[in-house]
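Q: Chains as they are written, first to last, in numbering that gives the first Met the number 0: chain A, 0 to 357; chain B, 0 to 441.
No lab work stands behind these hints, which were simulated from the structure alone. Treat the hints with caution; some may be incorrect.
The calculated lysine-lysine pairs, modelled on DSBU-like cross-linking and capped at a C-alpha distance of 35 Å, are [claimed, not checked]:
| hint | chain 1 | residue 1 | chain 2 | residue 2 |
| --- | --- | --- | --- | --- |
| 1 | B | K172 | A | K92 |
| 2 | B | K96 | A | K149 |
| 3 | B | K197 | A | K9 |
| 4 | B | K161 | A | K149 |
| 5 | B | K302 | A | K149 |
| 6 | B | K219 | A | K352 |
| 7 | A | K92 | B | K431 |
| 8 | B | K71 | A | K149 |
| 9 | B | K341 | A | K149 |
| 10 | A | K9 | B | K174 |
| 11 | A | K92 | B | K426 |
| 12 | A | K149 | B | K172 |
| 13 | A | K128 | B | K219 |
| 14 | B | K368 | A | K149 |
| 15 | B | K176 | A | K92 |
| 16 | B | K176 | B | K302 |
| 17 | A | K149 | B | K307 |
| 18 | B | K197 | A | K92 |
| 19 | B | K140 | A | K92 |
| 20 | B | K172 | A | K9 |
| 21 | A | K92 | B | K205 |
Listed below are several chain B residues computed to face chain A (Cβ distance under 7 Å; list not exhaustive) [said to hold, decoys possible]:
| hint | residue |
| --- | --- |
| 22 | A114 |
| 23 | P193 |
| 24 | E421 |
Here the structure is a predicted model, which is why all the values come from computation and not from measurement. All C-beta atoms in this analysis are idealised placements derived from N, C-alpha and C, irrespective of residue type, glycine included.
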Amino acid sequence: MIYRETGQFKTSYAADQAILRLREDRIGLLVILAIAYVVMPLVASEYWLSTIMLPFLIYALAALGLNILTGYAGQISLGTGGFMATGAFAAYKLATAFPGLDFVVVLVLAGLITAFVGILFGLPSLRIKGFYLAVATLAAQFFLLWLYNKIPWFTNYSASGVISAPTRTAFGIPVTGFEASVTTKYLFVLVVVTLLSLAAKNMTRLEVGRSWMAIRDMDIAAEIIGIRPLTAKLSAFAVSSFYCGIAGALWAFSYTGAVEALAFDIGVSFRVLFMIIIGGLGTILGNYLGAAFIVLLPIFLNNALLGLGMQEAVAMASHLEAMIMGALIVFFLIVEPHGLARLWQILKEKLRKWPFPY
Amino acid sequence: MIDRRTGLALMAGVVAAGLVATAAPAQENVQFIPSLVYRTGPYGPNGEPFANGVADYYNLINERDGGINGIKIVFEECDTQYNNDKGVECYERLKNKGPTGAAVFSPLSTGITYALIERATADKIPIFSMGYGRSDAAYGKVFPYIFNPPANYWSQATSIIKYVAEQEGGLDKLKGKEIALVYHDSAYGKEPIPTLQKLEQMYGFKLSLHPVAHPGLEQKATWLKIGRRVRPDWVLMWGWGVMNSTAIKEAAAVGFPMERFIGNWWSGSENDVKPAGDAAVGYKSANFHGAGANWPVHQDIFKYVYDKGLGAGQRERVGEVLYNRGVTNAMIVVEAIRTAQKIHGVRPLTGAEVRDGFEALNITEERLKELGMEGFMLPLKLSCADHEGGGPVYIQQWDGQKWNKVSDWYYPMRDVVWPMIEESALKYAKEKGITPRDCPQG
């Protein structure tokens with residue numbers, strides 16, 4: 000009744016090609032953005048912003064990167080952690096070598112360096128597919144972490160191999176390090192994630208995105224209709240790594256402030272992969288849902304269990320948290336194998352017919 | 000059978016509980032001490048006795064003395080699973096609890112310590128990383144809120160080398176000796192390397208490095224290399240968790256003599272040697288506090304905590320090495336708060352006030368005797384500039400049943416370590432744009 004195209008006429012091509020063609024969708028997005036940009040900084044406590052929202056946004060960004068590669072271009076990757084580490088260490092080297100550099104420039108350059116590394120490790124994808132490619136990207140994961148752990152130059156010869164993010168400014172405002180307030184850090188990450196999400200959404204609607212999807216659906220057919228697998232696959236690797244690199248740099252600079260290479264171990268790659276599988280492959284919304292599921296739910300569960308009077312048994316609460324989490328993952332995969340984004344899709348279709356389904 | 004509506008209601012309940020869980024019970028005249036522990040996760044078996052030691056000591060203070068000078072301790076555990084992200088989450092969750100916020104954090108993990116250094120400094124909450132964490136944080140002029148007494152990894156490395164030298168007949172006899180370091184390939188394991196390299200230059204022994212990837216279950220190649228090719232005179236180990244018992248088993252398999260295999264203080268608990276069985280007999284490790292339940296403080300713990308049914312763990316595991324380390328950790332925290340109360344008055348204190356207590360901390364021989372810990376550890380004194388104290392370690396040896404103290408206490412080579420700490424801390428300060436503060440005692 001309230002959520003349908005009826006009565007919303009489009010009078011220009013621009014309107015017809017808009018990302019959100021329904022007025023209700025546009026209002027919904029604006030409300031979400033208003034909450035994220037205005038309400039959260041005003042209302043949320045420091046605990047919320049710094050330990051819940053920041054990792055959630057950064058993980059969502061990494062998931063977005065992997066989703067471009069795996070969800071849109073169909074190339075399975077287990078190298079996300081390695082690419083995030085590349086972004087983090089590249090940003091660290093840049094920020095310490097050129098202290099005057101604006102942090103936005105640092106981020107972009109770190110992303111570009113990661114994109115280059117991603118292309119290098121994407122080369123095998125031209126020859127191998129599926130699980131074999133997953134194993135090849137696994138090599139990237141282990142090699143890159145080994146490299147940052149082994150060569151002291153990457154950590155500026157820190158004895159422990161830990162890099163510690165210095166304070167850097169973006170447009171004159173400190174956005175990283177201890178001088179930046181949590182709210183600034185949150186807003187900065189939010190702006191980056193918003194812009195990159197918008198870019199990703201648009202990329203998937205452009206020629207490049209369509210070529211990724213063609214490769215994903217059937218590479219031989221795509222080749223026959225004139226899509227070059229080389230450019231399509233490597234551009235997917237480049238864009239994906241760019242996103243992961245920026246996520247890694249934000250992780251080191253905006254969230255923890257100090258990381259060692261091990262912080263981006265194989266576990267991170269798996270977490271991001273689970274996020275996109277649970278959230279929904281080949282969707283933008285799914286990255287946020289998946290990140291929320293994997294990052295936020297355990298924190299909620301833990302707080303809930305402790306709140307229900309388990310302060311005396313933190314070990315039990317941790318075990319229960321892991322068990323409930325595992326059960327929920329299995330439950331959602333059975334109920335909706337296409338991910339949480341698909342549930343939203345179904346809900347939208349139902350809404351269109353509500354209240355008179357036929 | 001739960002129908003859909005009940006299920007939804009349950010879910011909503013859980014989420015709502017999660018939202019309200021941050022509201023702590025209101026108690027006014029208490030000191031809140033957060034406790035980051037790991038009873039689960041890959042290192043859970045090691046985290047558990049430590050956490051129990053901490054909990055039992057706080058309960059002892061509450062039950063026997065009615066708190067610190069009458070200010071009861073309220074403590075809350077948060078399970079980090081030895082995971083840096085969870086550690087940060089726990090820190091943020093607990094830092095504002097209690098009437099005055101968190102008194103002090105003991106992150107119990109080198110990785111989490113690194114992640115918290117800047118946050119805690121900004122929040123003015125002291126971090127007490129007892130014998131782990133960032134070694135150069137001993138330099139109080141650059142790290143005003145970080146404390147790592149009684150000794151950091153660098154100091155410990157020099158103490159162990161002193162012991163090795165004594166066994167060989169003097170520091171000059173180290174020349175030409177082969178010393179291998181088997182280490183956990185992480186921030187923690189890499190800490191002693193610069194110090195050992197410095198000592199290598201000074202004393203002319205030959206150091207070889209053998210990193211072991213986390214979690215350390217696969218060490219066959221490492222030990223074949225050590226046992227057949229390198230053939231060192233001594234092997235030192237910076238290991239943690241399952242890596243330790245695996246290393247002991249592999250060392251035994253290549254026939255390396257246990258008497259010449261020395262772990263650091265995180266590689267010398269019952270959990271490390273018991274799984275290796277008879278192979279571990281003769282294995283040595285460093286330690287900075289007593290092993291066993293033979294001190295008066297343990298009798299008090301039995302009397303006031305376990306006999307009242309308040310014990311956190313099993314009675315028979317009281318006195319294990321990691322349990323005692325938990326007790327030591329809690330004891331130093333309590334003494335620091337007591338010292339802070341002398342400065343700021345007997346009331347619940349904020350983190351910044353407790354910091355002053357740490358800087359004025361002076362645990363003397365007499366005080367240790369009063370605490371029922373005479374000989375358990377040696378006196379400890381900190382200052383504004385020195386956040387480490389340069390405490391001594393001794394070497395203990397496993398006899399198949401228990402750990403025995405087999406050496407004297409060795410003070411670290413401060414003349415070697417302190418310039419390195421200063422250099423590293425000043426480099427950090429420069430990178431971060433921190434101006435080192437002045438300390439009255441210089």
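Q: If a hint holds in the structure, say so; if it does not, say that too.
A: Structure-based check of all given hints:
1. B:K172 <-> A:K92: 42 Å, violated
2. B:K96 <-> A:K149: 41 Å, violated
3. B:K197 <-> A:K9: With Cα atoms ~75 Å apart, K197 of chain B and K9 of chain A exceed 35 Å; violated.
4. B:K161 <-> A:K149: OK: K161 of chain B and K149 of chain A at ~29 Å, within 35 Å.
5. B:K302 <-> A:K149: 51 Å, violated
6. B:K219 <-> A:K352: 65 Å, violated
7. A:K92 <-> B:K431: 14 Å, holds
8. B:K71 <-> A:K149: 48 Å, violated
9. B:K341 <-> A:K149: Since the Cα atoms of K341 of chain B and K149 of chain A sit roughly 48 Å apart, the hinted pair is violated (cutoff 35 Å).
10. A:K9 <-> B:K174: Measuring from Cα to Cα gives roughly 86 Å; hence the hint is violated.
11. A:K92 <-> B:K426: 15 Å, holds
12. A:K149 <-> B:K172: 32 Å, holds
13. A:K128 <-> B:K219: 34 Å, holds
14. B:K368 <-> A:K149: 47 Å, violated
15. B:K176 <-> A:K92: Violated, at about 38 Å.
16. B:K176 <-> B:K302: Since the Cα atoms of K176 of chain B and K302 of chain B sit roughly 50 Å apart, the hinted pair is violated (cutoff 35 Å).
17. A:K149 <-> B:K307: 52 Å, violated
18. B:K197 <-> A:K92: 26 Å, holds
19. B:K140 <-> A:K92: 26 Å, holds
20. B:K172 <-> A:K9: Roughly 89 Å separates the two Cα atoms, so the pair is violated.
21. A:K92 <-> B:K205: 32 Å, holds
22. A114: 5 Å, holds
23. P193: 5 Å, holds
24. E421: Since the shortest Cβ distance to chain A is 14 Å, the answer is violated.
In this structure, the hints that do not hold are numbers 1, 2, 3, 5, 6, 8, 9, 10, 14, 15, 16, 17, 20 and 24, in rising order.
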